[in-house]
Structures are given as C-alpha cells and as structure tokens.
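If you read the protein sequences in the order shown, they are chains A and B.
In terms of this note's numbering, the first sequence opens at residue 883 and continues consecutively.
In terms of this note's numbering, the second sequence opens at residue 34 and continues consecutively.
Note that these hints are calculated values from the structure, not bench results.
Among these hints, one or two may not hold up.
[Claimed, not checked] Calculated cross-link-like contacts (lysine to any residue; reagent style SDA-like; alpha-carbon spacing at most 25 Å): (1) B:K386 to B:V333; (2) A:K956 to B:R368; (3) A:K956 to B:V302; (4) A:K958 to B:Y289; (5) A:K958 to B:D373; (6) A:K958 to B:I392; (7) B:K362 to B:I392; (8) A:K956 to B:R218; (9) B:K388 to B:S411; (10) A:K958 to B:P91; (11) A:K956 to B:D222; (12) A:K956 to B:C172.
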Amino acid sequence: MTKARRTIIFSLVIGLMGLAVMAAAQEEDLGMVSAALAPRAEGLIIARCSVCHSADLIAQQRLPRARWGATVEKMKHWGAEISADEADLLVRYLSARYHPGAPDHLPPLDHELGKAEPLTQEPEASGPLVGVATRGADIFAHNCQACHGAGAIGGMGPKLVKNPILKHEDLFWETVLHGRGPMPAWGSALSQQDIADIHAWLLTR
Amino acid sequence: MNDEGESGIISRRSWLNRLLCGLGASLIVNHRPSQAHAAEEEFASRETGPLIVRVTRPFDAETPVREFTSFLTPNHRFFVRSHFGPPPQEAVSEANWKLRVGGLVERSREFSLKDLRQMETVTITAVVQCSGNGRAFHCPKVPGVQWERGAVGNAQWTGVRLRDVLAQAGVRGDAHHVQFQGADRPVVDSVPLFVRSIPLEKALHTDTILAYEMNGRPLPLLHGAPLRAITPGWMADSCIKWLTNIIVREDEAKGYYMQTAYRVPAKPVEPGAPASGPSTPVEVMPVKSLLAAPQEGETVKLGPVTIQGVAWSGEGKVVKVEVSFDEGKTWESARLVGEDHLYAWRQWQFVWKAKTAGIFTLLCRATDAHGDVQPSTSPWNPSGFLWNGWDRVTVTVTA
Chain A
883 MTKARRTIIF
893 SLVIGLMGLA
903 VMAAAQEEDL
913 GMVSAALAPR
923 AEGLIIARCS
933 VCHSADLIAQ
943 QRLPRARWGA
953 TVEKMKHWGA
963 EISADEADLL
973 VRYLSARYHP
983 GAPDHLPPLD
993 HELGKAEPLT
1003 QEPEASGPLV
1013 GVATRGADIF
1023 AHNCQACHGA
1033 GAIGGMGPKL
1043 VKNPILKHED
1053 LFWETVLHGR
1063 GPMPAWGSAL
1073 SQQDIADIHA
1083 WLLTR
Chain B
34 MNDEGESGII
44 SRRSWLNRLL
54 CGLGASLIVN
64 HRPSQAHAAE
74 EEFASRETGP
84 LIVRVTRPFD
94 AETPVREFTS
104 FLTPNHRFFV
114 RSHFGPPPQE
124 AVSEANWKLR
134 VGGLVERSRE
144 FSLKDLRQME
154 TVTITAVVQC
164 SGNGRAFHCP
174 KVPGVQWERG
184 AVGNAQWTGV
194 RLRDVLAQAG
204 VRGDAHHVQF
214 QGADRPVVDS
224 VPLFVRSIPL
234 EKALHTDTIL
244 AYEMNGRPLP
254 LLHGAPLRAI
264 TPGWMADSCI
274 KWLTNIIVRE
284 DEAKGYYMQT
294 AYRVPAKPVE
304 PGAPASGPST
314 PVEVMPVKSL
324 LAAPQEGETV
334 KLGPVTIQGV
344 AWSGEGKVVK
354 VEVSFDEGKT
364 WESARLVGED
374 HLYAWRQWQF
384 VWKAKTAGIF
394 TLLCRATDAH
404 GDVQPSTSPW
414 NPSGFLWNGW
424 DRVTVTVTA
C-alpha cells in the first residue's frame, strides 16, 4: 500500500517535472517566433488596431491561439482594415508572445517601435516621388479616414482639407512617418509612395 | 469498468487545467520582475497615487484598493471604464444635451437637464462595480481588460427616479424592457454601438435612478456627464453613461453588447470552454469583500494590526465578514462598522494580534442576508465576469 502510494507520488513528481521542462522548451520556441515576427506585427498593431484602442489592451491578454484567432476575426468584422495575410501574421505573433503561459510582465521588445519594419518594401529610389491623387483617395479611406473623417473633413483627428500642414510638406511627412500627439506613427504601415499619394489627394480637396 | 462517465473525464480535465494554471503561476513567480513591474510597484506605493491605468485609449483605469479605507470613493479616484471613451464635451453640454424617451410609451418626451432638476430629487449611496472586476484572477485567462481588484467604488448618486421619467411618457402595457443609449460613439462606424437594456421591473424599481450628481458634485465627464443610469445592486454594465436615449421595448435590446457581451452561461461550464449554449445577462452583484489595509506587500510590526476593508452584496445586506490566516481552514469574524445602507458597501475591521514574525497571507470573505458566502474562487466563464473569490493580501510581520 505505502509502496504503491510512493510509486504514484514518484511518477507524479516525474510527470510534473516533465511538464515543466516541456513548458520551458515551448516558451523558448514561442519567444523565437514572436521576436522574428515582432517588427512587422508591431507595425501592424499601430496601423490597424491602435486606430480604435491603445496597444496596452493587447499586451495584457494571455490567450491561446484559437481565441487570438477569434479576436482578430471579430476586429475585422468590426471594421479593422486587416487583410487575410495580415490577420495570419497577427495571430501567429500574438499567440506566440501573449500566450497563456507567458509571464505577466514580459521583457520589453528589443526593437524600438519607430524602427518597425515597413509593411511594404520600398522599390529602389529612382528620382523624386510623384503622388497620384486618385490612388491617394483609396489609401486615405483605408488608413486615415477612421480618425480624420470621410473626405478628410475631421473627426477624432483634425480636419485635413485646406490644413496649413499640407503646404509644409516636410512637417506633413514627419507627422505621418513618426506620429504626433495621439496620432500613431505610420512609417511602418504606409509606403513612401502611399504617403505621397495621400498628400497629392489632400491637395485636391 | 464503465462507471467513468462524462464527469470522470471532466474532473480529470479540470485537474489538468488547475495543474497547468499552477505551473503558469510558478513560472511567473520564478521570473525576475521586469523594470516595468518595478515601476508599477513604485507607482502603486505612493500614498494617494493616481488610478492604475489598464488601457490608455479609450481610458480604463482602476482604483488602488488602499483608497477603500474610506466609505465614499472620491470622484477623481473612482474607476473609469467605457467602450469608446467620453463623447465631445459640447455634445453633452447643458445647452446641447437632451434626454429622449420613446418606444412603447403613450407620448414620446424630451427632457432638458433643467426639466430633470425640477423633478423630485433622490440620493442613493451605491456600489458601482465593473462586471469584469477581478477578471485577471480567472484561470485559464480570458480576453478583456485585465481588471484586478479596484474596478469598483462606492458613491452618493443624486438624480431622479427612472420610474418618474417613464411615468411622464406613460409606459404601455406591452412593454417589458427599457433600453439605454449614451452619446459616446466608436471611432469606426462599423463597430456596434453600446446599447443595453434592463427589464421593466428593474427600471420601475423605486431605487433605480438617473443621476446627474456624484458625491454632491455635478457628474464628471469621465463618469457619464450629464446623466447616467444607476441600477443599485446590479453590475455597472447597466449604468449607462452620457445617457441620451431611452427606448421602452417589448424585448431585450438588440446588438452585440446585449446579445453577445455581458452574458454568462446559464449552466456552469468547464474552465476554458468556448462560449456556447444558453446564457443570461450579467445583472446582480454577487457577495464580495475586499481587504484595503494593510496593503499587499506591506511590512507591519509585531503587535496589534488593524485589518480593514469593505464588503457588499447586490441583493441583501452583508451580515458577516470573516478573516483567515491559514488559507481558509479557520475563520474569525470581523466587526462591521460605519454607515449601513442597502446598496452601499459596509466597512469592516479586525484587530489582528500578530504574535510571530514572518510572512502571512490574510484572506477575507463576506456572507449576505441570503446566506450567500463569498467562495474561494468564482465559477469560470468565457468572458471572466462576476469574480468574487476570497480577497488575499500578503504581509510581512517584523519584530
């Protein structure tokens, strides 16, 4: 009886140790995945999620992959501008960094958000950028309209039609690329061509 | 042997769940606190520090529990929660704001703030608590703002009875629910509006009010200016802020925040199970107590230590608060003190004669007039609502 009980306790302890080792190994793998995906995913979070809520809401969650998938799907349904590829990347990243076993206080991300990788790779520069207004209207609708209103007439963010900043192109670029006040940085979400197109379109308004 | 039915499988699975949660906790304990953690602790140790911010935008923040040594929670220390943040100030200014009452009524009515102030005034002291207060303690973790202990407060609410407002419009016989909508709006139009309803019986209750004052001051913008619903004894998801529209209806309000969110399974579910099956709206607050002093991590001297806190229950008064120093094996009764109102919280005290130095975990639990006792942990539910597990504080006693 006592021997049997000892055997049970022994195998329980071994089992627990095994689980702990497995959990630690899994933790390492997930850490690698989240570090690799972080530059693009963090850029996406700023561009697609923080339009409606700050990123701290995301960072406090600890969810299994299925629930992250359901959450991203719900946000798409509610109007987040997330493509299928972006959703896939986000779910992989979020479930690797913010999984149920992750500690409450995660070490900070290695990179600075300002250095987040551009979502669209730039072609080699070949002469000055020329904005195309017709393209800009569409890019604005998908990225800027939520805050600056339809037709750029203002909303939670300022009105951009006839806004003096349009005449100071350097300030306009600085603001879009790096953010200002409550506006997030868009440098990782929009290509240089996208920004030039938006600027061109705003000038026609 | 065929007697290992569903229940056998479920209990084994829940055992594994508990084991994994325990493992997670031990990993956390072993983890060296990051700089962010240290900063947060420093933040929390200030005497009358600011709220603990959970979400920067829209702003969600909870009150440090040390504030709960006072009966009323001051307005600027009161927890803040909304789905979209406050509407623009001008939308709720006295000049622009109107309350519209319509739906299944004899005559639709509009009220200005002045109209409401001319009606009979009622003041009620009541606990307002976020349905998700304590969500962070559910295991396995669930999505949502990870509130810990302080998404709750006790304030004096002054306004008019909802039934008096409804009487002026004349509620029709086929009405069963009263829907609320505020002036707050999502950033993107495709996000559902925050619309909820309460059953007519609760709406017509003599203590259900529309408040324009909080602790004797005009309702602050973050707390719903100029008017919010107060449903005493019920969770705050019914206490709609920035109220502009009341619609009397036959059925419950439609939409995400009534039909999907703010609901709990009608029958207990296995921890970790996805939301499915019949559910009921979050309404009455379960019995709960909090330990406000000493604070978590505090060092106290050998000798008498006054332990104090608050306790409340949605329906029925708190009749007993107990403390335990041995993980709930034995309990000792605390003394109920201070003001005693039906919907307010009750303050309590216990003089602890700390006789040996060391690290002690203090627990508290409350019992209400119905005999409901605060459990060690609350039933798990997919959205982490209604947490009322024993409150827990660890202190160090030094010679």
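Now the hints, each set against the structure:
no., hint, result
1, B:K386 to B:V333, "holds, 11 Å"
2, A:K956 to B:R368, "violated, 48 Å"
3, A:K956 to B:V302, "holds, 23 Å"
4, A:K958 to B:Y289, "holds, 15 Å"
5, A:K958 to B:D373, "violated, 48 Å"
6, A:K958 to B:I392, "violated, 49 Å"
7, B:K362 to B:I392, "holds, 17 Å"
8, A:K956 to B:R218, "holds, 18 Å"
9, B:K388 to B:S411, "violated, 32 Å"
10, A:K958 to B:P91, "holds, 19 Å"
11, A:K956 to B:D222, "holds, 15 Å"
12, A:K956 to B:C172, "holds, 23 Å"
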